[in-house]
Amino acid sequence: MNLKEEISVISNSTVYDVEEIRNDFPILRTYVHDKPLVYLDNAATTQKPISVIQEAQKYYSTMNSNIHRGVHALSGVATEAYETARIKIKKFINALGKNEIIFTKGTTESINLVAQSYGRVNLQSGDEVIISQMEHHSNIVPWQLICNERNAKLKVIPINDEGEIIFEDFEKLITDKTKFVSVVYASNSLGTVNPVKKIIDLAHQNNIPVLLDAAQAVNHIPVDVQEIDCDFLAFSGHKLYGPTGIGILYGKVNLLDSMPPYQGGGDMISKVTFEKTTYNELPHKFEAGTPNIAGAIGLGKAIEYVSKVGIEKISIHEMNLLEYATEAVNLIPGLKIIGTSREKVGVLSFVLDNVHPHDIGTFLDFEGVAIRTGHHCTQPVMDHYNIPATSRASFAMYNTKEEIDVLVNGLKKIIEEFG
Amino acid sequence: MDQELRELYQEVILDHNKSPRNYRKMEDFTQDCEGYNPLCGDTIHVYLKVNEGIVTDVSFQGSGCAISKASASLMTSEIKGKTTEEAEEIFRNFQDLITGNLGKNPGKDDKLGKLAVFSGVQEFPVRVKCATLAWHTMNSALHENDRSVTTE
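Chains F and V are the protein sequences, given in the same order.
What the first sequence shows, in our numbering, is residues 35 to 453, in sequence order.
What the second sequence shows, in our numbering, is residues 4 to 155, in sequence order.
Hints listed in this document are in silico derivations from the structure and should not be mistaken for laboratory results.
Don't take each hint at face value.
Here are the simulated PhoX-like pairs of lysine-lysine, each with C-alpha atoms no more than 20 Å apart in a straight line [unchecked claim]:
#	chain 1	residue 1	chain 2	residue 2
1	F	Lys447	V	Lys21
2	F	Lys446	V	Lys21
3	F	Lys232	F	Lys286
4	V	Lys83	V	Lys52
5	F	Lys370	F	Lys446
6	F	Lys132	F	Lys286
Owing to the predicted nature of the structure, the values given are computational and were not obtained by experimental measurement.
With the hints as extra help, turn the sequences into a complete structure.
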C-alpha cells in the first residue's frame, strides 16, 4: 500500500470543497500583473487563512502582555493563550506531553538547538553524525558547525536518480562511532517522502537518536511522533498556514531533560545567583527571553484550521494535484522533472531545455503564477543532478487543477518565445 | 507578450541567449576570473587577452539565465578591441543604465550602443544581478584580482 492509499484509509470522508477553503484566504483574491494570483510557492511559505490573520489582531488588541511572570489579568490571559497553543501542537503531532513542545523561531533554530545543545554534550572527537544528500542547508550547516567544533565527522547518505535515499548505503554508514542521525522527512526541492520509520528503526537498533526535519511534512501528511518514534522533530509555523518567526522543536522528554540549555536568559531559569543558576523545567528551559507570543497563538489557530479541514483530506487533495500536474508537464517537450520518487508530497521541481529557471520564473510571474526558481537551499541536490537550479511549483490545500492549467499554458508560451 | 516583459526580453537578448557570441574557453588568455551568483547558483568564467592596454580578445563560459547570458555575450562584442580604460567606462555606463541612474548623467546613453537593449532591466530589480554578473567578473579579470567574484 502506498502513502496515498494509507492516508485514504484513515480519511473519513472524500468531500473537499476547495472553493470554500479559498474563500478563507484573502490573499488569493489578489491580482498580479492584471492576472489572478496563482500561488504555487507554498514550499517557501504558505498563505494564511483569515482566522490566523484575525488572531494576531485579536492578541494585540485584547491580550498583549508578557507571559509567565505578571500577576495582572492580561498576563494571565496571554499565558493561557500561549500555553493553549502548545497543547494544540502537542495534539497535532501526537506528542506524549506538552513539555515536549518547545517554541522556536522556526525549523532552522530547532535544528541548531539540537546540534548545539545535544551535540556539544554528546559528540566527542572522532564521533560521527549522519545526514542525507537531500538536506536543506539548515540541516547541513548546523551539523558542520558542531562537528568542526567537536572534531566529529559528518557523513552523507547518497541519493539515487529518482531522488530517493539509498537505504543500503545508510546501513553501511552506521558504525559504532555514529552518535546522531538527522534527516529530512520530505524534501523541499524534490518532494521525496523518506522512509523515516525504517530509518528510525535501524538507527534505534544501534542506539542512535534521530531528528526529522519535518518542515515540508507536517503541512502535507499526517505526522504522529509516537508512531514513527522519532527522537526530535523540527518544523516551522509559516509553512503550516501560520505566522513567520515561530516554529517547533519536539523532543522526547528524557532527551530534552538531559540536554543543557541552548540560550540563557529570562524565563529559562528557576533561580539565579551570581554563584549558581538553576534552570527552569521543560519546556521553559529552552525558551529563553520573551518569545513570539502572537506567533505561537497564531500557529495554534493555523493548526485548528488545518485540523478542521482535515490533514488527511489535504494530503489526498494535494497528491491528486501532484498527479494531475505531473501528467500534464510530462507532455511538454524538453521538460524534465527533478525528483521522481514513488512517494512524494506536492512539490514539482523541473528543468526545461534551453530555458533557465529564472526566465521561467519571470515569465510565469506575468501570467500571475508565483513559483520558486533557484537551488532551493539544497545545493548538494543540484550538484547530484549537475544543474544550477530548478523551477519548483509546490501545492497547498487551496490550489486547484485550473491553476495547474494556467501554469502549464504559461510554460507552453515560454517555449514558443524561447524557441 | 506583456509590454513590460517584452522590454526585458527584447529580440536581441533572446537571440544572444540562443546563440551567445564568444562562448568558448580561451587557451592563451592573459587574465581571467570566475563569477558566481549564490542566490541562483549561476556561474561564469570570463577570459581576457590584453595586449599593450588593449583587449584584443574576450570570451566566456558558464550557465545562467537569458539576461545573464545575453549580457555576457553582448559584453564580449562591445569591449573587444577597446582599451582597458574604455572597457571600464562602458562597464560604468552599463551599471548606470540598468540601475536607472543614467538619467543623472545625460549624454552617456549615446555611448551604450547595442547595450541599450538592457534598459528594461531597471524595472526588474531582482534581475539586476543577472545582468551585471558577467561585467563584475570581467572588471575583476581586468584588474587581475585573483579572488573570484560573487554578486552578494
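query = Failing hints, ascending?
reply = none
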